[in-house]
Every structure is written in C-alpha cells, then in structure tokens.
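Quick note, the sequences are listed as chains A and B, same order.
Numbering that gives the first Met the number 0 puts the first residue of the first sequence at 0, with every later residue one more than the last.
Numbering that gives the first Met the number 0 puts the first residue of the second sequence at 0, with every later residue one more than the last.
Calculated directly from the structure, the hints in this document are not laboratory data.
Heads up, a few of these hints could be off.
Which residues of chain A face chain B? A partial, calculated answer using Cβ under 10 angstroms [as the list claims (entries may be wrong)]:
1) Gly-45
2) Ala-48
3) Lys-49
4) Gly-51
5) Phe-59
6) Thr-107
7) Ala-118
8) Arg-208
With a Cα cut of at most 30 angstroms, we get these calculated DSSO-like pairs of lysine-lysine [as the list claims (entries may be wrong)]:
9) A/Lys-138 to B/Lys-49
10) A/Lys-49 to B/Lys-43
11) A/Lys-138 to B/Lys-197
12) A/Lys-43 to B/Lys-95
13) B/Lys-197 to A/Lys-49
14) B/Lys-197 to A/Lys-95
15) B/Lys-138 to A/Lys-197
16) B/Lys-49 to A/Lys-197
17) A/Lys-138 to A/Lys-197
18) B/Lys-43 to A/Lys-95
19) A/Lys-95 to A/Lys-138
20) B/Lys-95 to B/Lys-138
21) A/Lys-95 to B/Lys-95
22) B/Lys-197 to A/Lys-197
23) A/Lys-43 to B/Lys-138
24) B/Lys-49 to B/Lys-138
Beta-carbon label-pair distances, calculated as ranges [said to hold, decoys possible]:
25) B/Lys-138 to A/Asp-151: 55 to 61 angstroms
26) B/Thr-106 to A/Asp-151: 34 to 40 angstroms
27) A/Thr-9 to B/Gly-71: 43 to 49 angstroms
28) B/Gly-22 to A/Gly-45: 58 to 64 angstroms
29) A/Met-0 to B/Ala-102: 39 to 45 angstroms
30) B/Arg-20 to A/Gly-199: 38 to 44 angstroms
31) B/Pro-200 to A/Asp-151: 37 to 43 angstroms
From the three backbone atoms N, C-alpha and C, an ideal C-beta is built for every residue, glycine too.
Protein chains: 2
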Amino acid sequence: MNIGIIGAGTVGGTLGRAWARRGHQILYGARDPSEGRVRELREKLGADAKVGTVAGAAAFGEVILLATPWSGTEQALRSAGNLSGKIVLDATNPLKADLSGLALGHTTSGGEQVAAWAAGAKVVKIFNTTGFGNMENPKYGETAATMFYCGDDEAAKATGARLAADLGFEPVDAGPLAQARTLEPLALLWISLAYFQKQGPNIAFKLLRR
Amino acid sequence: MNIGIIGAGTVGGTLGRAWARRGHQILYGARDPSEGRVRELREKLGADAKVGTVAGAAAFGEVILLATPWSGTEQALRSAGNLSGKIVLDATNPLKADLSGLALGHTTSGGEQVAAWAAGAKVVKIFNTTGFGNMENPKYGETAATMFYCGDDEAAKATGARLAADLGFEPVDAGPLAQARTLEPLALLWISLAYFQKQGPNIAFKLLRR
C-alpha cells in the first residue's frame, strides 16, 4: 500500500519504518523539503527513506498518516491540499504543550466537580471505568483486569487501591484527580465497546507491562 | 473497614456485596429509607443488607463509595452532610442520559476538528493511544497490545485496522469518529502513566475478553 506520512517525528518515523519493512511504500512529507533537511531526515528515517513535500506525500498516499504535533496540524492539512476521499489515519492528540491536558473538549471532569461539591473530602476517582460484572469478577483466566484510579490525597488513594485489590483487580495509580478527565472518557470507551460496538460486558482494560 | 455506599444501583450493590463477602461492614444510604423501600432494597442487596439514610451512610463509613447516577449526584452529596476529611471513592461518570457523551468537559475532539479541516477526507482516529515503542513492537510476551480506532467510514476504518494488524496490534473498533473524545483522553492516560507516574513507556492497553 502507498502510504503518505505527514509528520516525520517519532510516531511517523516508527510507523513508516515498520510498515516499510512489511512491504508498504512510504513517502514522508516534509514542511521544508530542502536538500539539507531531507539529508537530515534520512539520518533519522533511514537512508532509503523517500521524502517530498507535504502535498506530494498527500497525493502519493492511498492512505495518509497524520502524525504532526497538534500545533502544526492545521497548517499541515492546509499544505496537504485537497484530501477529499482520502483515508487519513489521525494519530494526533490535541495535547497542551506540557501534556497536562487536552486543548480541546476537555476542561473539567465529574471527579473535580464532585470534589468541589464534597468540600474538604478526599476524593478518589475509581471504579468508574468498567462494568459491574467485572467488579463482581475481575479475573480473565489468570489475568486480573486493571482498575485505574486517581486523586489528590495519597492515603485516600492507597485505601481505594486496597479495596480494588480486595476484589481481585490490579489497581493502577493514574495520578492526580484531574486525571478523572481521562478516566471518565475511558468509561465512555468501555460503554461504547460493550454496548454500541456489541462486544458485550465481558470485556475489561488491562495495562500490559514488559 | 466500614464502608458507606451512596447509590444502591448495580455498581453500588455489586461492590457492596463483594466487599461484604470479604469481611467489610457495609451501610447503604437510601434517599428514601422508608420501611417499604428498605424491604425493596434488601431484595436486591441481600436480606442482611443494612440500609439507612444517606447522611447515616456517610457518617458510618471510614470510606464512602459514591455510585449515584450523575443527575442525582449533587443532591446525594448535599444529603450526605459534611464530608470534610472523608475518603470518597467516586465511581460516577457525568454521562449524558443516552450515553452518547459526557455532560462535562467533553464537547469535541481533535479527530472531529481534523475532519472539519480535511474537508471530505475519511478520517480514522488511530495510533494515537500508545507510545512509539509499542508501535515498533506491540507484543507483550504472547499478548498483542490493543489498538483502538474510530471513524465514520467503514472501509477507511478497515484499512486502518489492517495497517495496525500489520504491525502486530490487535485492532479494536471503538465506533464513530466522535469516539475520538474517548481515545484522546486515553492517550493522555497513557502519557500520565508512562511519564508522570513513572511506569515508563513499556506499558500498553489490552482489551481483555472472556
């Protein structure tokens, strides 16, 4: 498959090289496809890497991988030209520069609202990301489903974690309470998969490690 | 541990029963603790279930589990009284009534913005929820990490899924493009775990099934 990659950073480069090894044709689109810059990119992407303009990569690809930093995304898409009918695999995230949150659609959470209502309480966001069937039995064969949690009080979080472990979950600390902004959408993902995507409720998230 | 449970629905009931079996003391707080209602709740929660007022459950618990529907959450917390210093395990999600999204902090996504900028393109949100090391090698022992994706065009999604499978991922369809509102926060969760929680980048999400 011909794949045009817009954004030759770590994600674009890693995917490009991995796909190339599997026989796909890759053209990277560079914002500045000058000779010097292309040489520089090839040091990173591999000596055989084909680098052209953003518009060239967009025209080349049956599939366009968009792997730009969020701040460059609008301009990159403008440079790409007409993408009507193209398959665009969007690997971007509208991250704030310090990774503290999303710049779009993501300004608060239920967890934070709960903390405001329950003045002075040590709020832990937990048990919100999976179905009750998993709370009944979090074991998938030998594997314990993960229970993500977050909060601003370490002792309260440890208590939440212990209570999750009591049930057989593997508790995983997701950070401060503002991470409810990620755990609440995770719940929505679970719901979407279980019900709208018809996978049913016998699904659970697991954090793999190696 | 003494646990007060506010919200005796499926989540509150399941957790309460499971914790009770493991030796914890449970008191459910009911909005209406009349004799008839308590009898009704005990049919669901178990004949031995202790049911009191919301304020009683809040006072009883070293730990309060909040498992109310979002629409009842503010009122439940008002009924609970002073929670200062209490550990509140917040299992709620600010879900819209039809589960189509979150009622708070969640009004759009980068994926949808990309689709607006790339007019006419078939946008698939994919490869945004994990680190590049996992894109290089998505295998954790025998287990393939999951790659969630979403979009509004089925053929484009199938292409994205095939390209993820090419790399060794297990692709999982998360639904329409608006699900980018869940996959983008999932990326933020990954980032938080890998970097802020110091788990490092050799972590990945897996959808378990049974």
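A quick look at each hint next to the structure:
no., hint, in the structure
1, Gly-45, "13 angstroms, violated"
2, Ala-48, "16 angstroms, violated"
3, Lys-49, "18 angstroms, violated"
4, Gly-51, "19 angstroms, violated"
5, Phe-59, "15 angstroms, violated"
6, Thr-107, "4 angstroms, holds"
7, Ala-118, "7 angstroms, holds"
8, Arg-208, "5 angstroms, holds"
9, A/Lys-138 to B/Lys-49, "28 angstroms, holds"
10, A/Lys-49 to B/Lys-43, "65 angstroms, violated"
11, A/Lys-138 to B/Lys-197, "26 angstroms, holds"
12, A/Lys-43 to B/Lys-95, "46 angstroms, violated"
13, B/Lys-197 to A/Lys-49, "36 angstroms, violated"
14, B/Lys-197 to A/Lys-95, "20 angstroms, holds"
15, B/Lys-138 to A/Lys-197, "26 angstroms, holds"
16, B/Lys-49 to A/Lys-197, "36 angstroms, violated"
17, A/Lys-138 to A/Lys-197, "21 angstroms, holds"
18, B/Lys-43 to A/Lys-95, "46 angstroms, violated"
19, A/Lys-95 to A/Lys-138, "36 angstroms, violated"
20, B/Lys-95 to B/Lys-138, "36 angstroms, violated"
21, A/Lys-95 to B/Lys-95, "26 angstroms, holds"
22, B/Lys-197 to A/Lys-197, "35 angstroms, violated"
23, A/Lys-43 to B/Lys-138, "24 angstroms, holds"
24, B/Lys-49 to B/Lys-138, "47 angstroms, violated"
25, B/Lys-138 to A/Asp-151: 55 to 61 angstroms, "36 angstroms, violated"
26, B/Thr-106 to A/Asp-151: 34 to 40 angstroms, "25 angstroms, violated"
27, A/Thr-9 to B/Gly-71: 43 to 49 angstroms, "45 angstroms, holds"
28, B/Gly-22 to A/Gly-45: 58 to 64 angstroms, "59 angstroms, holds"
29, A/Met-0 to B/Ala-102: 39 to 45 angstroms, "41 angstroms, holds"
30, B/Arg-20 to A/Gly-199: 38 to 44 angstroms, "25 angstroms, violated"
31, B/Pro-200 to A/Asp-151: 37 to 43 angstroms, "25 angstroms, violated"
Of the numbered hints stated above, those contradicted by the structure are hints 1, 2, 3, 4, 5, 10, 12, 13, 16, 18, 19, 20, 22, 24, 25, 26, 30, 31, listed in ascending order.
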